[in-house]
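Just so you know, the protein sequences line up as chains G and S, in that order. Numbered per the working numbering, the first sequence spans residues 2 to 139. Numbered per the working numbering, the second sequence spans residues 985 to 1138.
Among the clues, some could well be false.
As the list claims (entries may be wrong) - Estimated spans, in silico, between C-beta atoms of each pair:
(1) G:D88 to S:G1103: 47 to 55 Å
(2) S:D1120 to G:R101: 40 to 48 Å
(3) S:D1007 to G:E102: 33 to 41 Å
(4) G:I89 to S:R1065: 28 to 36 Å
(5) G:V41 to S:D1007: 48 to 56 Å
(6) G:A82 to S:R1043: 22 to 30 Å
What the hints assert, rightly or not - Away from chain S, derived, C-beta distances all over 12 Å, residues of chain G:
(7) A21
(8) S29
(9) R132
(10) A135
Unchecked claim - The following residues of chain S were derived to be distant from chain G, with all beta-carbon distances above 10 Å:
(11) V1020
(12) Y1023
(13) D1051
(14) S1060
(15) R1065
(16) D1084
(17) I1087
(18) A1096
(19) G1098
(20) P1106
(21) Y1117
(22) D1127
(23) E1130
These aren't lab readings, by the way, just hints derived from the structure by calculation. Please read these numbers as outputs of a predicted model, since none were measured by experiment. All C-beta atoms in this analysis are idealised placements derived from N, C-alpha and C, irrespective of residue type, glycine included.
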Amino acid sequence: MLLIVRTARRRYIVRREDVATLRAMTRSDNGRREEADSSVIAVELGPLIDPDDVSTAQRRHALIIPLRRRSIALLVDAVDAIIDHADIQPLPPLLGELLREPWTTGVLLIDDQPVVQLDVRAIARSILLQRTRASEQK
Amino acid sequence: MTGAQPDLAERTEQHVLLFRLADEIYALPSIHVREVGRYRSYTPVPGAPPAIPGIVSHRGIILPVVDLRLVLGMPSIEATRSTRLISVVHEDIGMALLVDAVIDLESLPADAFGQPPAGLDPARARFLRAVAYHNDQTVALLDIGEIVTALREG
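Please model the complete structure; the sequences and the hints are all you need to start from.
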């Protein structure tokens, strides 16, 4: 099962099984929740991948990805659809071997437009690693 | 598609697709060219190298978009009305090459081609198989295999 999620400028495919919980929230909810529960790190998905992909929408949808000790909440503008089955294609060979981060696992064509499938667990691990390094340097 | 092609010197004519990057004319052997299409926005892929800024679907096949300007050491530019995507294949690797404009398919006499000038920037010279003069302009014949090699080197 797959989710089609939307940021300000892009759509992405996410495996449903990688997401423990889907939660609707507002930006102010997010600030309060981080204060109350420091085990959840909330990160906007759009600018994490493309610095220009910044949303101004107040309403957010959180994809909660649990890791061993902490959870990562990836925030998106919307979850557009949940689809049972889709023909995910691998990335073209030349590109698949050159990615800086292993965040992309395939591509789905929707109306002949490629939509990238993200490995949100890999993204969550990268975020946690980055936060851990940042706090160690303080 | 295989790499077994007759050497330039063994041919009487070289069939090429001529295209433009900035004010320079380049040529690709037409044997590699599948199709030329108008520019359409591509889907960026997280973590992809700058020279491969995204992917497009070409008749249901996903192709990496290769910004030839960046490969050849030129600055990237915004797409214009003349921007084109040239769909090419080299040893089973498909790509959509982003170029400023496509000029035409031409058959150039093989003896029009010579060695690239020695004074060229080595970073760019590695991509040139030969240079020809056509309609009072210099045409640089690209080595698509070398482009693939350079992309893999990152």
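Against the structure, the hints:
At about 51 Å, the beta-carbon gap between G:D88 and S:G1103 stays in the expected band of 47 to 55 Å. Checked against the hint of 40 to 48 Å, the C-beta distance between S:D1120 and G:R101 comes to roughly 44 Å, which is consistent with it. Between S:D1007 and G:E102 the Cβ separation comes to about 37 Å, which falls inside the hinted range of 33 to 41 Å. Taking 28 to 36 Å as the suggested C-beta distance range, the pair G:I89 and S:R1065 conforms, at roughly 34 Å.
Separated by about 54 Å at the C-beta atoms, G:V41 and S:D1007 satisfy the suggested range of 48 to 56 Å. Distance hint check for G:A82 and S:R1043: the Cβ-Cβ separation is about 25 Å, which falls inside the suggested range of 22 to 30 Å. Non-interface status of G:A21 relative to chain S is upheld: no Cβ of that chain comes within 12 Å, the nearest being about 22 Å off. For G:S29, the requirement that its beta carbon stay farther than 12 Å from each beta carbon of chain S is met, with the minimum near 28 Å.
Once the 12 Å rule is applied to beta carbons, G:R132 is consistent with being away from chain S; the minimum gap is 19 Å. No beta-carbon of chain S comes within 12 Å of the beta-carbon of G:A135; the shortest separation is about 20 Å. Taking the minimum C-beta to C-beta distance to chain G, about 18 Å, the non-interface status of S:V1020 holds against the 10 Å cut. Residue-level check passed: S:Y1023 sits 15 Å from the nearest beta carbon of chain G, beyond 10 Å.
Consistency note on S:D1051: stated as away from chain G, and its beta-carbon is indeed over 10 Å from all of that chain's, at 13 Å minimum. With 10 Å as the threshold on Cβ separation, the claim that S:S1060 sits away from chain G holds: the shortest Cβ distance comes to roughly 15 Å. Taking the minimum C-beta to C-beta distance to chain G, about 21 Å, the non-interface status of S:R1065 holds against the 10 Å cut. Distance to chain G confirms S:D1084 as a non-interface residue, since its nearest Cβ pair spans about 22 Å, more than 10 Å.
Remark: the non-interface label on S:I1087 is consistent with the geometry, its nearest Cβ contact in chain G lying 26 Å away (cut-off 10 Å). Separation of S:A1096 from chain G is adequate, the least Cβ-Cβ distance of about 31 Å exceeding the 10 Å criterion. With a cut of 10 Å on Cβ distances, S:G1098 stays outside the contact zone with chain G, its closest approach being about 31 Å. With a minimum CB-CB distance of about 23 Å to chain G, S:P1106 clears the 10 Å threshold, and the non-interface call stands.
Chain G leaves S:Y1117 outside its interface by the beta-carbon criterion, the shortest separation being 33 Å against a cut-off of 10 Å. Against the 10 Å criterion, S:D1127 stays outside the reach of chain G, whose nearest CB is about 16 Å from its own CB. Consistency note on S:E1130: stated as away from chain G, and its beta-carbon is indeed over 10 Å from all of that chain's, at 14 Å minimum.
Checked against the numbered hints given earlier, the structure satisfies every one of them.
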